[in-house]
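Chemist: Chains as they are written, first to last, in this note's numbering: chain U, 1 to 133; chain Y, 1 to 133; chain W, 1 to 133; chain D, 1 to 133.
Be a bit skeptical, because a hint or two may be false.
[Stated by the list, open to error] Far from chain W by the CB rule (all over 12 Å, computed), these chain D residues:
no. : residue
1   : 12
2   : 18
3   : 22
4   : 26
5   : 33
6   : 51
7   : 72
8   : 110
9   : 115
[Claimed, not checked] Just the calculated beta-carbon pair ranges, DEER-fashion:
no. : chain 1 : residue 1 : chain 2 : residue 2 : range
10  : W       : 129       : U       : 20        : 56 to 62 Å
11  : U       : 1         : W       : 90        : 31 to 37 Å
12  : U       : 57        : D       : 118       : 56 to 62 Å
13  : D       : 99        : U       : 57        : 20 to 26 Å
14  : U       : 115       : D       : 88        : 48 to 54 Å
15  : U       : 20        : W       : 8         : 24 to 30 Å
16  : U       : 44        : D       : 45        : 44 to 50 Å
17  : Y       : 44        : D       : 122       : 36 to 42 Å
18  : W       : 115       : Y       : 45        : 14 to 20 Å
19  : U       : 74        : Y       : 44        : 27 to 33 Å
20  : D       : 57        : U       : 47        : 33 to 39 Å
[What the hints assert, rightly or not] Derived pair list, reagent style DSS-like, types lysine-lysine, alpha-carbon separation capped at 27 Å:
no. : chain 1 : residue 1 : chain 2 : residue 2
21  : D       : 116       : Y       : 8
22  : U       : 116       : Y       : 82
23  : Y       : 8         : Y       : 116
24  : U       : 8         : W       : 8
Since the hints were derived computationally from the structure, they do not count as laboratory data. Even glycine gets a Cβ: it sits at the ideal position worked out from N, Cα and C.
Number of protein chains: 4
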Amino acid sequence: MVVEHEIKVRVRYADTDTMRVVYYANFFIWFESGRIELLRSRGVVYRDIEAMGIFIPVVEAQATYLSPARFDDELLVRTRLKAMGTTSVTFENEVYRLPEMELLCRGSTVHVVVGKDGKSMPIPEALRARLSA
Amino acid sequence: MVVEHEIKVRVRYADTDTMRVVYYANFFIWFESGRIELLRSRGVVYRDIEAMGIFIPVVEAQATYLSPARFDDELLVRTRLKAMGTTSVTFENEVYRLPEMELLCRGSTVHVVVGKDGKSMPIPEALRARLSA
Amino acid sequence: MVVEHEIKVRVRYADTDTMRVVYYANFFIWFESGRIELLRSRGVVYRDIEAMGIFIPVVEAQATYLSPARFDDELLVRTRLKAMGTTSVTFENEVYRLPEMELLCRGSTVHVVVGKDGKSMPIPEALRARLSA
Amino acid sequence: MVVEHEIKVRVRYADTDTMRVVYYANFFIWFESGRIELLRSRGVVYRDIEAMGIFIPVVEAQATYLSPARFDDELLVRTRLKAMGTTSVTFENEVYRLPEMELLCRGSTVHVVVGKDGKSMPIPEALRARLSA
Numbered sequence: 001m002v003v004e005h006e007i008k009v010r011v012r013y014a015d016t017d018t019m020r021v022v023y024y025a026n027f028f029i030w031f032e033s034g035r036i037e038l039l040r041s042r043g044v045v046y047r048d049i050e051a052m053g054i055f056i057p058v059v060e061a062q063a064t065y066l067s068p069a070r071f072d073d074e075l076l077v078r079t080r081l082k083a084m085g086t087t088s089v090t091f092e093n094e095v096y097r098l099p100e101m102e103l104l105c106r107g108s109t110v111h112v113v114v115g116k117d118g119k120s121m122p123i124p125e126a127l128r129a130r131l132s133a
Numbered sequence: 001m002v003v004e005h006e007i008k009v010r011v012r013y014a015d016t017d018t019m020r021v022v023y024y025a026n027f028f029i030w031f032e033s034g035r036i037e038l039l040r041s042r043g044v045v046y047r048d049i050e051a052m053g054i055f056i057p058v059v060e061a062q063a064t065y066l067s068p069a070r071f072d073d074e075l076l077v078r079t080r081l082k083a084m085g086t087t088s089v090t091f092e093n094e095v096y097r098l099p100e101m102e103l104l105c106r107g108s109t110v111h112v113v114v115g116k117d118g119k120s121m122p123i124p125e126a127l128r129a130r131l132s133a
Numbered sequence: 001m002v003v004e005h006e007i008k009v010r011v012r013y014a015d016t017d018t019m020r021v022v023y024y025a026n027f028f029i030w031f032e033s034g035r036i037e038l039l040r041s042r043g044v045v046y047r048d049i050e051a052m053g054i055f056i057p058v059v060e061a062q063a064t065y066l067s068p069a070r071f072d073d074e075l076l077v078r079t080r081l082k083a084m085g086t087t088s089v090t091f092e093n094e095v096y097r098l099p100e101m102e103l104l105c106r107g108s109t110v111h112v113v114v115g116k117d118g119k120s121m122p123i124p125e126a127l128r129a130r131l132s133a
Numbered sequence: 001m002v003v004e005h006e007i008k009v010r011v012r013y014a015d016t017d018t019m020r021v022v023y024y025a026n027f028f029i030w031f032e033s034g035r036i037e038l039l040r041s042r043g044v045v046y047r048d049i050e051a052m053g054i055f056i057p058v059v060e061a062q063a064t065y066l067s068p069a070r071f072d073d074e075l076l077v078r079t080r081l082k083a084m085g086t087t088s089v090t091f092e093n094e095v096y097r098l099p100e101m102e103l104l105c106r107g108s109t110v111h112v113v114v115g116k117d118g119k120s121m122p123i124p125e126a127l128r129a130r131l132s133a
């Protein structure tokens, strides 16, 4: 079973640039919202994870831009758990313009789980269980 | 004597919006850079202040926009210490387009000094001395 | 009758800073969303306004910060039409943390209506009618 | 000969997040500054390019994060022209913390040249000449 989740976002003026399209870096912010809400949909509140001294920073990020998003567009951000290793997690994202579901951007992020000391640690079992389909 | 400092910033694509001008909220980021560098010019490294458990958050912010800044404009951000109370500091900022020194934006921020507990505290004497003309 | 509108936003990692609270400039982005959605709730799509060659840039912005917002907080942003002059509009905003409705931030923005030439113009009657209670 | 350029940036409060490090998406903004200044160092003012109706949007972006950048760090952003195709350009970036030149982030962006109609076009000869070592 695929672990995935969808959220909707509205393009704000702040997200756009002089080319009158969404600035490329801002898609990564939507990827963040997508991950956080995918986790929430599995019963994982990332804020609570951090309160336990566990952090899941990004170690790799990638995006391919197919078509621009513009001010006031309503977008669907789909996030999928792609892979879980011993200490790492990979998410994939797609951003579509609604209502026609035109694919605008595809990307992914790789994360490692680290403790308060900043050192890599195995994904806690409770988290792994929540993210297993 | 006026305690003031000037920095130059270059408008990036990321700073602009669909109106092809700098997004209004982003001027406040330049105000931040202006304050940090004014402090540095007086021998105060804000990072070190925080390392001592002292924080100087913004409690009020205000800006008036006279003329737009555009991508690739080179700007001068002038920051002035306007007032120092027992527990608060006020900075004023002006943003000019170079080289003609056209005034684009004027603003100010009010800050309070707080300790690690988040409670307001008097401005430390060492800091006050550095900021006195 | 008061013309006002409420939206909910979730604080993202991207919105926060090293003080572990929302960066002060980012409240102005939520003010933007509040205004855009207030307009939409009155049948005014700001994107369509711009497509007609009418722009409503910010000429003044102000905020007072009472209490910090933190990562993952759910916030309510209330936006109110405060005043309409011949060529200007003023909005007021309040940001509350949900569910307890603690007031975190209060602010306002003043806008002028300008045409494609960047020159100030009277608020179009159709827009004025939509915004009249 | 390698076409490359270096700029320095100072980490601002606005760039950081609740993990007390620079938010991952913000490195892409420094990549932008790096590209723009590499072009300028070769006599190409990107703003002038756009004024001629030629745009060079990002179609792919990628970054690997090795070590965090923190508030007030002074960084060196190195940008290198990696490849020029008929219609595309690839830049590589590295971000180092000064003064120790610790490598924090490596990334790249791929761009296509498009005209006002948004359609891909060959890189203009004048631009190609400027970017040739």
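Chemist: Run through the hints listed earlier and report the numbers of any the structure violates, in increasing order.
Modeler: 1, 2, 3, 4, 7, 10, 11, 12, 14, 17, 18, 19, 21, 22 and 23
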